[in-house]
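Chains as they are written, first to last, in our numbering: chain A, 34 to 482; chain B, 42 to 378; chain C, 501 to 794.
Calculated from the structure, these hints are not laboratory results. It is possible that some hints are incorrect.
[To be verified] No farther apart than 30 Å at their CA atoms in a straight line, the calculated lysine-lysine pairs in the DSSO-like style are these:
#	chain 1	residue 1	chain 2	residue 2
1	A	Lys-446	B	Lys-122
2	A	Lys-325	A	Lys-208
3	A	Lys-462	A	Lys-261
4	B	Lys-68	C	Lys-709
5	A	Lys-462	B	Lys-122
6	B	Lys-249	C	Lys-619
7	A	Lys-462	B	Lys-222
8	A	Lys-208	A	Lys-73
9	A	Lys-446	B	Lys-222
10	C	Lys-781	B	Lys-249
11	C	Lys-619	B	Lys-66
12	A	Lys-261	A	Lys-73
13	A	Lys-386	C	Lys-709
14	C	Lys-619	C	Lys-523
15	A	Lys-219	A	Lys-386
16	B	Lys-222	A	Lys-261
17	B	Lys-206	A	Lys-288
18	A	Lys-100	A	Lys-386
19	A	Lys-195	A	Lys-310
20	A	Lys-288	B	Lys-222
21	A	Lys-156	A	Lys-195
22	A	Lys-325	C	Lys-781
23	A	Lys-230	B	Lys-206
24	A	Lys-310	B	Lys-206
[Claimed, not checked] Which bits of chain C does chain B cover? Going by a derived footprint, with three or more residues having C-beta under 8 Å, they are:
#	region
25	529 to 543
26	623 to 631
27	634 to 643
28	664 to 676
29	719 to 726
30	767 to 774
Keep in mind it's a predicted model, so treat the numbers as computed, not measured. Beta carbons: idealized from backbone N, C-alpha and C, even for Gly.
If you want the building blocks of each chain, they are given just below.
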Amino acid sequence: MRRSAAVVATVLTTLGLAACGGGSSNATGANGAPAKYDGKPVTITFWNPFTGRQLAVMNSVIADFHKLYPNITVNSRGGITDNNIVAAIRGGSPPDLTMSQSADNLGEYCGTGAWINLEPYIKRDRVNIGEEPAAVQGYTQFDGIRCALPDLADAYGLYYNKGLFARAGITSPPKTFNQLTQDAKKLTQFNPDGSIKVAGFVPTSSFYENPAAHYAPLWNAHWDQNGKSSLGTDAAWAAYMRWDRQLIDFYGASKLARFLSSAGEEFSPSNDFETGKIAMELDGEWRVQFIKSDHANIDYGTAPAPVDPSQPQLYGGGYTTGNVMGIPKGAANPAAAWLLAKYLAFNTSAMEKFANGLGNVPTIKSALSDPVLAHNPQFDTFLKIFANPHTSTDPNTAIGSANQEMLQSFQTKWEDGSVPASGLESGLKGVDSQIDAQVTNSTQGEKAP
Amino acid sequence: MSTAPAATREPYRLPPVSPARRSAKRKAAWRRRLTVLAFMSPWIVGFSVFFGYPLIDNAYLSFTHYDLLSNPVWIGLANYKYLFGGDSEVWPAVSNTLWFLGIAVPLQVLFAFGIAVMVSRARAGAGIFRTIFYLPTLAPTVAATLGFVFLFNPGTGPVNTLLSKIGITGPLWFQSPHWAKPSLTLLSLWGIGNAMVIFLAAILDVPKHLHEAAELDGAGALRRLWYVTLPTISPVILFSIVIAVIAGLQYFDQAYVASTVAPPGAAGGAGDSSVTLGYPDGSTLFYPLLLYQQGFSYFNMGYAAALSMLLLVVSLAVTLLVLRNANRWVHAQGEGR
Amino acid sequence: MATAVQVRTPVARRTVPRAVRRKRLLVAIAEHSVLIVLAIMFIAPFVFIVLTGLMTNAQSLTSNLWPQPFDFHNILEVFKEAPMLRYAWNTFLYASLATLGLVLSSVPVAYALACLRWKGRNLVFIGVLVSMMLPPQVTVIPVYVMFAHLHLVGTIWPLVIPNWFGDAFSIFLLRQFFLTIPPEYADAARVDGCGEFRIMVSVVVRLAKPAIAAVALFSFLLCWNDFWGPLLYTLDNPAHWTLSVGLAQFRNLYTVNWNLVMAGTVVFMAPVIVLFFFAQKAFVEGITLTGVKG
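So that you can see chain A by itself, here it is in the shape it has in the complex (with noise of 0.2 Å):
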């Protein structure tokens, strides 16, 4: 059959299109300093994390941002997930300004350039990254490339009910892993039937703030040595399974999973440990703030997490990381993006405003020791771990939080009993070869200069 001269046009010109490639018009030119504002009215769409109560505080902040420009008008979009913002880069459609509620995609966004390069604007408008802490500093850059500004970090340590523990006579929070196990199990209370009506501690890596990430550094635990992951050299992580297992064996690892299978929303007003069915938890710091604000019927303390009874003078730090902001590659006005990015990031007042509001931690060093910033006993612990040397985070890999659900994957299976403890080392081994692997997939091609 013939083919008329219009179909093959047609193909032609969509071939034409999609051969195109993704270079698309970005505003960062690779030299001279990039543009900026012109004052001209404009509207910029801001995509952030936050939903509910947290979402109107980060709205009253943006009004202060636009009391200051009020040429600017800000499109404030919350609740939108790494997913949300990776499908919005890819799609070609991308806001104007972005955050992501943790760090952990940095290293793809960054390292692939679908967050700008900030050097640019920093350097032109001489803002001092030296206000941000040290390990602020850390995460919002990937191999050297700064591509986020921070807004906010969380720290993480340990929350326990004071009524619970006065119950089974503990008088003091636990220190190492191995006080956690026996007040655990001092605190853990079954029901006739045997199931589990109260729990002292869930150690389940899915469930609720228990992802490994947050207790590599209560073990002084590093993903990666040398550029390859070393969850199976480094024999840290084989101690911290160890006592994860340990502790879901005491409950019975059926026994457990049913008791997690009806537990409540962990951001609702039925967060088990706010309802009191579980004694201790690992969580940021923003719980304070929730246990607040849902009125829960609970008298409870807070204090580092426990850590790796073979280091103890890890104990005081802990786990963090932090909102990142981000221009996306291919947003329509950059320029007013960048002002509202600086102005989240280094304003003190806005910094010191949004942070008393969500109830997390400041990420500059002026607001971190203004009196401003609201205190009380149970969130100074939060401060204490954030300033704490031995606090740090996980760093930013090319295939972002990959590494973690990998982790996971076979975490889950060791827990559940799938995974004989024979079978730990050689199982974190093959781990770190499937988290290699991917790297080496996920970024060839990318090494060309």
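Put chains B and C on the given structure of chain A with help from the hints.
Just chains B and C now, kept in the frame of chain A:
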């Protein structure tokens, strides 16, 4: 009646065609071709742009590293090496899909057929039964999956509650790696209404005289089913199996929704759904789900293209097998056009 | 020539022995019981979903099965918590535009394949079959890339546009049905001098109304329930989410209240079930078309 002797009969020659007539015929043929082209044009454009060209481009992309931000970079066979050697998620995904094809699909066909047989024999309320069994297929996959995940919640869901009332401790259903696929199978069995209605129509279409003849020979209901009904409707059964296999190769919605909704508690914040794809333990990571994860969560589009090439090969094999036997049931009606 | 005398002797009615009658009755009761049990199991999920949708949030987390009290506000709550009306509108827009395009483009193609004779017709039909049977995942990446370059990702247009260029399954169905129309009708019209387009519209389409109605109905249903497509193309723009995506995302954005999720599920399913009850005949005819005649 012709009287001329056969030997002298001249071969019949067409009367000479005048040039005018010839050009008119050519113009008519041209017009006919244009008409066909006009009628077929939507399909021609659609097939080239949305099927033919993408297939070729997909093959090309499978040899590149492509993340949609910069141009594709040629890397040769590296994606395929990773697929067949390095990626430890491929084989579980393949075996999950094979499990589904080997266990869920036959169950679906058997279940649909069984119900159809029973409805065909029902005296009272056949219409109501047919409606009831068909209704679940109208439910959107997302709605049905959400419903089932909630109903089968191991702790507080109605299913385990009812089971405990008769003394059975129900399994963890969607939260157990051993029961997740069976739970999804139950969900798919709930939705066999389509196949059931087709079977029902076919069973009722079996010519009565065949049944009567068998009855006269003393065959009971079961033997009639085996020797009369089954052979007569075998093309329809085959068709159903093929449809189910094709659906099985594309199985995505239910597994995606179940694995993002079933996990208890939200791990680490806003609930990034890519973390839980295949929950629990990758037992629901079917091949299309893996493809989606690599292509649209990790944006390894080159690698995802390689994954889809493998899927293409398998589906083509199934398709060719079907087309070979297509004559049996595709051209059944309206022959000789 | 002798003609046989037809003697009519009354044939005595054969009475069915009571034992056989009883056995038949018992079998019938057994079969009906099984059917009833199965029917209950098929309806039960719907019932539980509706019941949960009428519970308070606290109760939905317990194993109580009957709402105490009945919370009819949930339906309104769902519309408040999430822009369900917008999702419903997006879904309706997508389904109706896609169906319209599908019918308009598939009918001529099916006509050409069934009622016109031309070289390569069978080859094209095989092409239709192949494109029908291959999973969408084998072409999704280049098509996505195409739409991304056109900046259409985040809207429903990538979902609607392909349907305006013929849909393989509809073409297949309609072609099968057109083949069953006796060619005499079309031939008569041709002899009268009608052009092919006239024939298609006035003769074939009119005779094929039930098939076209069934195709339109199925297309609407499939688009309404579609999840894969909207997930791929509208995920990053909640203004354009369809009900399926909105419901699936209900967990991530809002702290999940299962009672609201179930209420949302009911809202999502209701229009289609209502449509089904009004168009039952067309539905069933359509299915038998696919299975028995296909």
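- Item | Hint check against the structure, violated hint numbers in rising order | Hint check: 4, 6, 8, 12, 13, 14, 15, 16, 21 and 22 fail, others pass.
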